[in-house]
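J.: Take each chain as given, in its own frame, and dock them per the hints.
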Amino acid sequence: MTQGQAPWNKDVALERIRDCLNREGPLLPILHALQEEFGYIDEAAEPLIAEALNITRAEVHGVITFYHDFRRAPAGRHVLKLCRAEACQAAGGDPLAAHAEARLGVVMGTTARDGGVTLEAVYCLGLCATAPSAMLDGRLVGRLDERRLDALLTEAQQ
Amino acid sequence: MTLRIYIPVDAAALAVGAEEVASALHAAAARHNVTVDLVRNGSRGLYWLEPMVEVATPVGRVAYGPVAPSDAEGLLAAILADGAHALRLGPTEDIPWLKRQTRLTFARCGIVDPRSLEDYRAHGGCKGLERALSLGAEANVEEVVQSGLRGRGGAGFPTGIKWRTVAQTQSTQKYIVCNADEGDSGTFADRMIMEGDPFVLIEGMAIAGIATGATKGYVYIRSEYPHAVAAMEAAIAAARRGGLLGNRVAGSSFAFDMEVRVGAGAYVCGEETSLLDSLEGKRGQVRAKPPLPAHKGLFGRPTVINNVLSLASVPIILDKGAAFYRDFGMGRSRGTMPIQLAGNVKHGGLYETAFGITLGELVDDIGGGTRSGRPVRAVQVGGPLGAYFPRALFDTPFDYEAFAARDGLIGHGGIVVFDDTVDMAKQARFAMEFCAIESCGKCTPCRIGAARGVEVVDRIIKNDHRAANIAVLEDLCNTMKFGSLCALGGFTPYPVMSALNHFPEDFGAPPRLQAAK
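Residue numbers (my numbering), protein chains in the order written: chain E, 2 to 159; chain W, 2 to 518.
In isolation and in its complexed conformation, chain W is listed as follows (with noise of 0.2 Å):
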């Protein structure tokens, strides 16, 4: 018999073992006379089960974990008896972590093996670009603009009116610049559809592509993400042969083409017109803007500049409609959000769902609180560069504006969960440290802001003139903020300043109240 077997090929899943499982199952198999094909998909993205093993039974997959090495004998012997095991999970599908979510931008991930591209179109791949290519560029724009779908990097601008105005800009060479230097602390989710669903974003920059006029393609990703990398370039080579990259995408009359460059380890890369300068060849340092990336972007071309998961939306969109995907969420907040639940945390991994979702539903009963079981103190929302939050602020809804409203953002959608054992100055002098390491060094209140901030935290902590030197951090947040070029040091008040407002107790100083405002 023929046993078909999932085991992630995610990094995260092979950080706590998963190559090791493969190895035993496969061993365990052979002791048995048992073929297996075993498939390495992508992540389901519920890392506290991890590696989370999966068995395909005649009705549906069957989950079970986090399998060890040395489970592999009794698992095997389980699966081909009656599947009853301590770590039997149920049927994946209604594993309650991952029913209550809406899956659109992750709806495949962890599902299709990532490298096959047959795959991808057996679970209803591909369609977002037939469609796009039925309705020609100027509606593609549309569609993209009537979804509301807003950046999903963090600044959340909107996606189609940055295709929008490429499209309008007329020139000879056009470029789709894909985002994937995912540099925030607490976010995994670009990585995770690049590792496991590869084709979902190639298919949604060669959307863009035909939208805008643009033929050639880059994804930009971090080399802290080898896996990554290379599962993107195996994906692209396979999308070649197949004809979805090419002279004539998926048999059209147009042509795109891709490839993968690699970051060299500098955060503020992540910052988009960083980027563009860093993949000219340059020290990856900040534009001044205007003139906008979609006049002048990529070596002074029209360029669109998206994030892995504004393209990775795309073919969903595409493929179901403005109208559909535009149903979900709240405000001007439209569609899902992949929310990343991260650091001291029970329930860890990728939550996608719609906006509107309060912080505390997020942490406390979707996270399960904290995995040290202390109680949950702050959590950190967006990054490095977003606000600290206490438990008062826990019926704050996820959505760009009321983040924005609570002096906060949800970035990437990143939550690092601390417990009371945090020290909330410590976490204020990191951000500062954490931006003096990555400033650019093109705009002063980022570059020299960031190093007088380390050193008057430093002093705060000493107690050395603590009232003068909180009023001195209170004015370099504010010179940095509305001094910086970009959103590093722009944004690195929001850490440093919710820290100090929200747990004055750890800098030593009497409560806020409302005294900040």
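Extracted from the complex, chain E is given alone in its bound form (with noise of 0.2 Å):
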């Protein structure tokens, strides 16, 4: 897994946003630390972020649910990303992202009902002369082609 598995817990998160509170803007790092410990960003989070920043918890549910990268229930234990963007695109991208769905049997942006992986689109890795791309649990994946893609999806469904 790419991140954290820790089941949520109060006084951890406030250890982390504790950590945090000297920086200038600190909202980013506190919601990237508090995800990078529990693999996503518990409701039971945000008035306790609200309180720490002295700002209110709807600023706080407003910033959570505008960035993409910020989950709101933990993901599946593999995640694996497929770059959707142009220069994959261009290489061949979408019918590997097609054939992914088809075989994990389901659609982008979700998790299959095992709870073993999170298919997910990307938006751009910047291997971009290496398209198309992908990324298994933070595991950088270039020249992807159907059997090398097949054998990320058997790896992901381990």
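These aren't lab readings, by the way, just hints derived from the structure by calculation. Take every hint as true, because none was put in to throw you off.
Computed cross-link-like contacts, DSBU-like style, restricted to lysine-lysine with a CA-CA straight-line distance of at most 35 Å:
{"#": "1", "chain 1": "W", "residue 1": "Lys217", "chain 2": "E", "residue 2": "Lys11"}
{"#": "2", "chain 1": "W", "residue 1": "Lys443", "chain 2": "W", "residue 2": "Lys283"}
{"#": "3", "chain 1": "W", "residue 1": "Lys443", "chain 2": "W", "residue 2": "Lys290"}
{"#": "4", "chain 1": "W", "residue 1": "Lys427", "chain 2": "W", "residue 2": "Lys290"}
{"#": "5", "chain 1": "W", "residue 1": "Lys443", "chain 2": "E", "residue 2": "Lys11"}
{"#": "6", "chain 1": "E", "residue 1": "Lys11", "chain 2": "W", "residue 2": "Lys283"}
{"#": "7", "chain 1": "W", "residue 1": "Lys128", "chain 2": "W", "residue 2": "Lys321"}
{"#": "8", "chain 1": "W", "residue 1": "Lys463", "chain 2": "W", "residue 2": "Lys482"}
T.: As structure tokens, this is what we get:
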């Protein structure tokens, strides 16, 4: 797994929040720290952050929901991101994405029913000269073709 | 004996197996009883040859590539013998694709060890900073103004003018913000610099601080670039230890320090004011201008916000002087541009050259056409907000004004190549879809226009009142272009309208000829 799997814990969350309080503009660092710790940002974190930063809970909620990265629930055991941007489209990324969806039985942006794999679109990993590209749990894979993708899918399903 | 071998730690090289090649070479060396001094450099940017392995020889570095882990044993044996091997590319500097470039910003990328400040200094690093300290603040700003450097993020605004504005604005606290939210598909130059020569960016930001009176810097890196984040953090720590950052920059009376901040997957945060809001811990929504960031930027303070490539070009400008840099280029586009060839291209990678080279030279000659071997039909220049160019416009020189005159933009210098299997109506639809996904939602033309745009393109594709819907699409694009608050909504019409104007047959429309004007 790319991200932490510790179960939600209020005291740990408060500690992660406190770690960031001496930084300018601490909200994004706090959210990253919480997601790294728990794998997602629990709704129960919102009032804790609001209290610590002296802002409203609505503001915290608004920031969390604005950014694509922040999860409201844990992801699958593995996260497979496929780049869907233009350079990867030009290099044959679209049929590969369809293949991944069909084999995993999920649509982009969702998690397989057994909680094994989350399949996500990403818009550019910066590997555009070795496209198409993917990222499995933080590991980058370029020059993707059906054979390499199948190997990744098998790995992700284990 | 000790062999010095270079294997890139660049993310794209890792994505095609550089780590596995490094392990295999280590194992092979152990079997041969050879000590290997393995340097993990950045990439030279010849990505079709990655993983590219270089070996230090008495006559300079010799390259081999693309190397697979299974090649390691044979490759090591060849290196220990006479060097002859099927993957031998010759002396790296003599590879024509590299030799024809003018590497100013990327002078050290792929050559130095990105984790070593000593190596950086040994290859000419810190000389710009030394001269900057001897010139003083005002003269630094003038050097950058005189160099003609324009914002490499895409907008092309003169960098020196931004600096001058910040320098002339009084405040107890000023900031240097580096925009490393390189979200455009087809671009990876910022990533390469941060992973391959991070100290040049640190040096550029320190010079900007000295020139404008700013003491604090932030590098805002997108979360999709974890390797760049790690490389920058390591380099900043090394720069602090080496006295390049801190209360006395390089022993001077100037203070400057900086830190990395990580984005959270919002493309719009590449827009400078939305990036500033994101840094402040807010939703990454675009601000109305004025006030300019140079007057009221981060936390309301005067702020220089520049792209990675702009700031990374500053050290060589200060080192060699404004005239040296200005002598490259054409028209009002001075210096060099790190151009990125991507997508379905045979020879993809980073090609830094003076402005003025034509699109056709870049795609056909340097890029070598498509990797699929099929004819090139269209290229998108400048990311998701850039226009699609047909072969008929391949005589366009790489220059801010020349691209603007043809309803396009050079943006951050990315060129994505498509072969003749591309469906341009689908690409137009994607441009609208992407804008809808990534819109910050602040202004109506972008937020609602993009969603309606997807629907209209769908109706055109389905031949539902096609002519009428094409007219609606044109009208919608006009509204987005002139009514949006920032370039996301304002430039999405470029890919859409260029697809429609240059490839009307894909929309089931009759040829347009000059009708679009």
